[in-house]
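Q: So the sequences go chain by chain: A and B.
Under the working numbering, the first residue of the first sequence is numbered 225, with each subsequent residue one higher.
Under the working numbering, the first residue of the second sequence is numbered 225, with each subsequent residue one higher.
Don't take each hint at face value.
It does not matter which identical chain is meant; a pair holds if it fits inside one copy or across any two.
[What the hints assert, rightly or not] Only pairs whose alpha carbons sit at most 20 angstroms apart, straight line, appear in this in silico SDA-like list of lysine to any residue:
(1) K415 with F323
(2) K415 with S460
(3) K755 with H627
(4) K564 with D586
(5) K415 with G325
(6) K415 with G324
(7) K755 with R772
(8) K571 with A684
(9) K693 with Q703
(10) K755 with Q626
(11) K755 with G526
FYI, nobody ran anything at the bench for these hints, they're computed from the structure.
Number of protein chains: 2
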Amino acid sequence: MSRIRFALAQLNPIVGDVTGNSLAIVAAVSNSYSRGARVIVTPEMSITGYPVDDLASSIDFIHRSEAGVNSLATRLASDGFGDAVVIVGYLSEAPHAEFGGARAQNSLAVLHDGRMVATYAKRHLPNYSVFDEERVFVPGAGTLVLDLGGVTTGFLICEDLWRSDGPVAELAAMDLDAVVIINASPFDTGKDETRFPLLATRAAEFGSTVVYVNSVGGQDDLVFDGDSSVLDASGSTLLRATRFQPTLELIDIHGTGASSKGIPLAEPTDNVVPFIGVDLPDLDAIWEALVLGVRDYVRKNGFASVALGLSGGIDSAVCAVIAADAIGANRVYGVSMPSKYSSEGSKDDARALAEAIGCHYDVQPIAELVTPFETQLGLTGIAAENIQARARAMILMALSNQHGHLVLSTGNKSEVAVGYSTIYGDSVGGFAPIKDVFKTLVWDLARWRNAAADSRGETAPIPVNSITKAPSAELRPDQTDQDSLPPYDVLDAILEQLVSHRRSIDVVVAAGFDRSTVERISGLIAGSEWKRRQGAIGPRISQMAFGRERRLPITAHHTPGLG
Amino acid sequence: MSRIRFALAQLNPIVGDVTGNSLAIVAAVSNSYSRGARVIVTPEMSITGYPVDDLASSIDFIHRSEAGVNSLATRLASDGFGDAVVIVGYLSEAPHAEFGGARAQNSLAVLHDGRMVATYAKRHLPNYSVFDEERVFVPGAGTLVLDLGGVTTGFLICEDLWRSDGPVAELAAMDLDAVVIINASPFDTGKDETRFPLLATRAAEFGSTVVYVNSVGGQDDLVFDGDSSVLDASGSTLLRATRFQPTLELIDIHGTGASSKGIPLAEPTDNVVPFIGVDLPDLDAIWEALVLGVRDYVRKNGFASVALGLSGGIDSAVCAVIAADAIGANRVYGVSMPSKYSSEGSKDDARALAEAIGCHYDVQPIAELVTPFETQLGLTGIAAENIQARARAMILMALSNQHGHLVLSTGNKSEVAVGYSTIYGDSVGGFAPIKDVFKTLVWDLARWRNAAADSRGETAPIPVNSITKAPSAELRPDQTDQDSLPPYDVLDAILEQLVSHRRSIDVVVAAGFDRSTVERISGLIAGSEWKRRQGAIGPRISQMAFGRERRLPITAHHTPGLG
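Let's have the full structure, built from the sequences with the hints guiding it.
A: What follows is the structure in structure tokens.
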């Protein structure tokens, strides 16, 4: 019988930054080693970041990854951690290239004594949803089982865990003390409710403790939520890391062998009480995901500040608060750009929001910018409406050019779905914080955020009027969104059916919706595919986000209701 | 011994338009049947169009495809063609769904006597380059061999042909008279030089005639070039269809059996001389691909007209001529939008181009539109430069909103690669005709097109001055592109290395390029990934087009030279 201290290093790597990612691993090893840990587990692709997409087709990048792992092993030994076992995820050169060009593997390396003592390559490659792994990776073969100081340990990488065939079945047939799974498993709302039952099921199948280590952080449109955990064979949670932030958690795992066996490891001399984090309600988790997505896009791409238009409406208000929560209000530049159609209430609400969160605030009226276009081109109707939205875009982009701000696009998922926006107008920006958030959920988040402020004794950031008033683009007199669209609760319910669940028009109608409305919405979705293709990326929080998850032709004589 | 007339129906389906695509098949059958054909072969996915992407995940769409094939079989019989064999490509429901959601097959149906008498599902699914077939299709199993009036015929679908294992090896082991391959194989420059040797190799392996039928037409970023052909076992070309247009070609294939055997078919009573089209030089083929790409995007998406800015430069001139060749100059609206920095020469060149091709022409100076922005916002430097490009975008989009034009974006591949454009400025538009054409190739095409006009006794459309003058964005006094970029011949050579061949910086430097230049270009490529993501689609003519073919993270601390 042995007792070995494992560390779960829930890291936030940056794609491509092999050096920086390696240094973060060294720091995690150093910290946990001094607290008795001798097996330190980092996430999938912890050396390279994830997903690397077609960077995996670069032999140069593969070699950089491999060299990075070797350097790390040397560095760990020279820093005095050579007697520990460190598990890293990296990109390795495949034994053969596949037809079409995949020549890398999504691999795990076991570092000990200054070198790579074992490796394992991911066998099940997800090629659905947001994943393209069959495009860029060659699947591995075989299983890896090591005796880590008496703890007989099997290894899996992410998708391997989700399928019952192959490595899961092979490990289940063995007599193991623990199974370590390294992951880069992106967040969606309710993901933890799928992940935990799966972990419990697998733990029972293996008859062993499962050690699940996930990445954390934003990477373009994906947000990794962490939620690294340890469950025992009965399915009880022994450890659960805080989600949405880098953490380092310790737990002692018991082995049936002696600690001097296999790779001999020192047993700890003290005890640790593993941390068990609380369940996050959905709204809390979504907010954290949006904040982390914005923070990491800003940070990893080197922006000092963000700018966004503040209309007085709910979307821009929520985006501003997300940005302030992500990077601090002093780095947020709100710009009110009223037109002759902007109500006094809207201008007041925009200013009130800026004052409540304490961000920078500027007012740039657009009347004198728009009139020359209207006059010179003789614009009317939708053309005249869109000129206003595009003048605002020019202001924001000019401020971005002048001051280096990242422009945030404030469109929500309902608008993005039906194309209720002006392309090259209110859609402009490098990142779109709420593009995967339906309008009704934007309201829920606003109320939730205000309540959270109240409960902490802080000022509620979002003006109540922005939440309660009828939404309007204010591009013509007395316009409201409901002139063009059904009420948002109806619209969002139909979008859930057509987009999220890919149901056909007939099925949606059978569920109780008005046929002409469903057909109109379906047509709007199809007709705005070209706009979505040119839209900014933003954090994915659903199981069907626009972008890499939903790939449809622009040219298609087919309604988008997908049954 | 039998002699059976085969028809190669090189069709141009529209994605999703099951009814329209079926009618085009009926027309091809009717036409060729009356000329003695009894085996009519249509392309891969001729019922649904290709690629359908995630439409293949829609059970509703799968059922629509299957119903379409059954209706077609009934219709063909009722129209009097029931005794012929018609080969169509369609989307079928897979026997089981795959983990992750693929539940369709990319299938071939043999229609005869009013029903589907045999089917075959594609076994090799390309999941590289522009293809995502493992995402949406379940691979088939087994081979299909039919006796078609004494012609023992095997069947393959596109990618099956390209790999030597699986169905190719299985058919090669049989004694066949013919192998029919149905395809939706997109164009790239030089594709025919790969395709024909492959066909010859396979014909030798099969020891039989190969009948290769490919789609034609533009579908979003892909252009299908047709090039349907028949080769005999010795590799000789017996038939080659005209590329880049729908055609129907006939050829008699000899069978070793009797025409009354298998599916009995009537032998023809006359003879046909199969058409053998000429080889197209690369510039001719590229021009045809660009024209077809634009024509089909306009046509299939229902636009009546296109609008584009005419700067007097080479890019907009070439785009205007492509558009005029595609849809007629009377549907092309050129807009000159001079600023205070526009030279008289540029204005003259823009007008001369419009007059030469006979398109609509309007002049909209931007000075009075730009000044209010500069004044109100106090803009200088790049911010002031970009305002000009964005004012032009506002004009074009306003004209689009007012009149329904599709706006063409005129940026070339060299600019797109290094981000030498103003996002929401000169990059705006729904379709970008030359986004996959490097600047040096734009010049080659311009000279080629003028020479082609000369050789037909027509007016050369592109002003010589637009070809010979130094390129300039004309956003500040005396600006030329070479203030910011290396000469285009050097830039394009480096881009070929870094982008097209995914070579690393070290390899490119070793090939003789200046390291600091290569590193700067590499950095520009990486830094403009976010712009490319928001760019319009345009016809792919290379083997490494920006877009679905090159998937890289925006957030990445790695230079884009891919070794």
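Q: If a hint holds in the structure, say so; if it doesn't, say that too.
A: So, going through the hints one by one against the coordinates:
1. For a Cα distance limit of 20 angstroms, the shortest separation of K415 from F323 across copies, 17 angstroms, qualifies, whereas the shortest one inside one copy, 34 angstroms, does not.
2. Taking the shortest Cα distances, K415 and S460 sit within 20 angstroms of each other inside one copy (18 angstroms), while across copies they are farther apart (58 angstroms).
3. In this assembly of identical chains, the alpha carbons of K755 and H627 lie at most 20 angstroms apart only when taken from different copies (18 angstroms versus 27 angstroms within one copy).
4. When the C-alpha separation of K564 and D586 is checked against a cutoff of 20 angstroms, the pair qualifies only within one copy, where the shortest distance is 17 angstroms, while the shortest distance between copies is 30 angstroms.
5. Taking CA atoms no more than 20 angstroms apart as the test, K415 paired with G325 passes between copies only; the shortest distance there is 18 angstroms, against 32 angstroms inside one copy.
6. Proximity of K415 and G324 under a CA criterion of 20 angstroms is satisfied inter-copy only: 15 angstroms between copies versus 33 angstroms inside one chain copy.
7. For a Cα distance limit of 20 angstroms, the shortest separation of K755 from R772 qualifies both inside one copy, at 15 angstroms, and across copies, at 16 angstroms.
8. Taking the shortest Cα distances, K571 and A684 sit within 20 angstroms of each other inside one copy (18 angstroms), while across copies they are farther apart (56 angstroms).
9. Taking the shortest alpha-carbon separations for K693 and Q703, only the intra-copy value of 13 angstroms comes in at or below 20 angstroms, while the best inter-copy value is 50 angstroms.
10. Only between protomers do K755 and Q626 lie at most 20 angstroms apart by alpha-carbon distance; the minimum there is 18 angstroms, versus 27 angstroms within a single protomer.
11. Proximity of K755 and G526 under a CA criterion of 20 angstroms is satisfied inter-copy only: 16 angstroms between copies versus 27 angstroms inside one chain copy.
The structure fails none of the hints (numbered hints given earlier).
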